[in-house]
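Residue numbers (this note's numbering), protein chains in the order written: chain F, 1 to 315; chain D, 1 to 499; chain B, 1 to 291.
Hints may be right or wrong, so weigh each one.
[Stated by the list, open to error] What follows is a list of derived Cβ distance ranges for each label pair:
#1 Asp-108(D) <-> Val-63(F): 31 to 41 Å
#2 Ile-17(F) <-> Arg-109(D): 37 to 47 Å
#3 Asp-168(D) <-> Trp-72(B): 57 to 67 Å
The set of hints was computed from the structure by calculation and includes no laboratory data. Please read these numbers as outputs of a predicted model, since none were measured by experiment. Backbone N, C-alpha and C define an ideal beta-carbon position, used for all residues, glycine too.
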Amino acid sequence: MLRYIGRRILIAIPTLIIVSLLVFALQKLLPGDPVLTMAGEERDPQVLAYLREKYRLDDPIPVQYFAWIGSALTGNLGISLRTDIPVLDLILSKLPVTLELAIMAMIVALAIGIPTGIISAVKKGTAVDYTANVIALSGLSIPNFWLGIMLIMLISVRWQLLPASGYVPPTEDLWLNIKTMLMPAFVLGTGLAASLMRHTRSAMLGVMRSDYIRTARAKGLLSRKVILKHALRNALVPIVTLSTLLFGELLAGAVLTEQIFTIPGFGKLIVDAVFNRDYAVVQGVVLCTAVGFIFMNLLADVLYVLVNPRLRHAA
Amino acid sequence: MKKRLLLALAAGLMMTTAASAQTLRIGLNEDPDVLDPHRARTFVGRIVFTSLCNKLVDITPDLKFTPELATEWQWGDDGKSLTFKLRPGVKFHDGEPLNAAAVKANIDRARTLPDSLRKSELTSVDNVEAVDDLTVKVNLSRADATLLSQLSDRAGMIMSPKALTSADFGQKPVCSGPYKFVERVQNDRIVLEKFADHWDAKNFNFERIVFQPIPDTTVRLANLRSGNLDLIERLAPSDVPAAKSDANLVFAPVSGIGYQGLTINTNNGERAKSPLGKDKRVRQAFELSIDRNVINEVVGAGIYPPAGQPFPEASPYNNPKFGPTTRDVAKAKQLLKEAGVDRVKFELTFGTSTTTQQIAEIIQAMAAEAGFDISLRPTEFAAMQKEAQAGNFDVNVIGWSGRVDPDGNIHAFVTCKGALNDGRYCNEQVDKLLNDARVTNDEAKRKQLYDAAQEILKQDLPIIYTYYQPWPFVHTKKVQNFKPYPDGMIRLQGVKFAS
Amino acid sequence: MTATAAIADEVALPKKRSRVLAKFLKNKSAVLGGAIVLFFVLAALIGPYLAPYDPIKPSFTSIRKMPSALFWFGTDELGRDVFSRMLWGARASIMAGVVSVFIAIVLGVPFGLVAGYFGGLIDAAISRATDAMLAIPFLIFAIALAAFLGPSLTNAMIAIGLSAMPIFIRLTRGQVLTVKAEDYVEGARAIGLPDFWILVRYVLPNVLPPILVQGTLTIATAIIAEASLSFLGLGQQPPNPSWGSMLNTAKNFMDQAPWMSIFPGSAIFLIVLGFNLLGDGLRDALDPREQ
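Next comes chain F alone, as it looks inside the complex (with noise of 0.2 Å):
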């Protein structure tokens, strides 16, 4: 088992090289020039100059990447080009609203997923069936940005029921940070039970076809706690497995779900950051994102064999 860890932690490392030279290569395509976009409407020569210099936006493009990778690798990320804010900084500031954006999310997702899944694959073939997956798909094809700005119009503005957008910190006013939270929450989280709902379904469609459950109800026992008991506790564990891949889908999604309710974290961030030129942000950001997303797969890796007795052989 610590073999396996340890051999997809050594995969992971290219993985990252790659993943750095494309954070790179990608902010040295984006068109314009940050040091234009940095001075503003002043344009004396030496200014630009400097501020090129500061950057180190004239030196050969392997210098500056190896520049980056090398205080990156020292924990120094560099500082925001826009408001001088050190990235490692806002990083740490903005990951736990986004964690808590994920994290509502999944619940919202989980609570959708798990029992249209289950339903309809105890009901399976049945309208309830259809009924309950075109429903769970509906979530997955509505647009975010579209449903987000909907419930604004009518929650918030017309019957003034939750804050239209923000974010203020749990340690604040706990109460008023859920009631924020909520509406994004939702939106993100109703993209995910999709998967959610699918994954529960077919699993559970598994597990009861296998010879327990088969013997179980053979043996009479009530349909609802054979389903309850043992089928949702066998199906559980790729759910559990999904749900941690989900995660990096989450971060993602995160992206257009904090433009539109204007919630400071790691999504609003980049976008931000990619429009404003701020190129360190850029980096920073999309690196951690990327190195966070390849924990949780890993991690979702590590879950799956140490679950699975058969896998474990095999790893």
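The hints should help you fit chains D and B onto chain F, whose structure is shown.
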């Protein structure tokens, strides 16, 4: 007795609620950049600085200069020096005294800091002298009529010299404004708190000011309507009806000192060598094909007043003679014929905002009727700047937030070496007129010079002005005495909540 | 794509087609999805000929009019008929989905085939690059690429296609690994058939069914991605309509002119739902495990 006790109790209750409610929440259009007036570039940053940092002089709603840190000022006889008398007893947020040495240190920093973005604004300054503790003399290398206006903005903001030595000043600014810096959470909020030792503290009624960047204007308005914000800036025209019809809101627009216009590439590289770039008659025809009233009504919801010149109507340099042209398709076609062209093709580049996009679409449709085949190219703003500089455009839709002095609205855009002259329009006569206008302090004489320059520019049309940039503020009924200024800044003297 | 599917059937399991079709037709939600997709594709094909008004020319006398007998879906901020714009926009939106997935498949499948079939260093290189691309959030990747290429519908399609490519690399590679172990492939290798021939003749057909399923589902994602890019100003460009760009301007008028956003929003929702149901149904129908 009992009654009095009750009254006292009630008063006490009211005071506590009032105190906790004394936070003014302002919704901004975007997150400001670095909070160092010498290194900052954003418009929203200037809004925050207005509460955070006092400057030497301020402006009135009718664009006159008024004392702030300086109580009086005097031009030298040759116009080559400007002497300020400073307000006595002013303190920085860190308790340091604001004196002539501090002012000198600040102006020197603005001129010499390698990444200062104020350098071009202060090119005429030769040196700064602290004559005595409260007198500062700015010596100029040439007469400069624009200097006072520069010092009424970021270049004239005075920061605590002691704090300036710290490397993270941009994250923890220390000035002498009515409010001091508390905290900033990027993309989320900037919190200021009342500075009790401010020289005019009694006129500032809020305990705290919270600036919240909310880029989507609909969401910004939604927050105002639901009571999460008290005041918002730059409402989109599409939201004007909603704001006007809401009984709890006050719509407080003001016509600004900035403009929106179409910059034409007349002289910057290969793409200037088109009928539009080469022949002013084609440009005149293009202007005649546009109906600015349609832009104002359809896109602007009536708050985009048509513009024909860079100077706003409130400015003494505005001349009705150069007002917006009226649409005349027949005349436009005639001009094209004279120029020997039938249909003219070009590309219109604009920033990817929905309002600008609508304007571009309208111009495309209107100009088509006069013989222009316009293709639309939306570009991100960050990419547009570089392309504009490199001459990679035919016509750009570009706006300018405007400056108090007329020079700031015209010189950099149409003089041969103007830093913001993307189309590289170059006319020696215009250069001479505008340079002369820079060094004269006599208003009548300056107006003559600007009129003469405009006479040429109106024919040559390197820039077609479309409308004056409005600053549509909206606030709740609770906010009282708010007065919008044409520079779009939010000044909080006397502003208070209804009791 | 139907042609390639036919090859797949002929080669792999000759009698599979009718069974798959029967299974698919039995799945009511899949049929519903197919019907929705068919409806919108037809609308995109013939819609422009049916559009009652010019979708581009502004009409300043009929701005933001409510839906009526004259304008079924109302008019937009420049007085254009929303219904006509939607008929024209259907092309852009569906094309955006289909073309970008086509790009993703055309680029992704060969990489996946090569990686899975040859293994070794090539596999390692391709797989690590795929992992790396997948580790960057899809939308960020697309935004950065779209910004690099410049805002336009074509560039949005390229950006979405490239961002979706790694999914197909990984999927193809996984499939190839399973197929490679099959007797007939090993046999073909043993008798010394050229690799290229084996890949095209024996491996590819077996890889296609899951690609078809994933492709259908990715079209759904891609349509939403185009709408999202348009929403950020990086998709279809004015004055031409796509449902996403219509939503982008409509969001400013949510309150005063809700019809401007309700119709294109619902259209995106329906077509994406259609592709999702269809893809889901195809998956079930093609899945040998689910009998």
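Could you tell me which of the hints above the structure violates, numbers in ascending order? none
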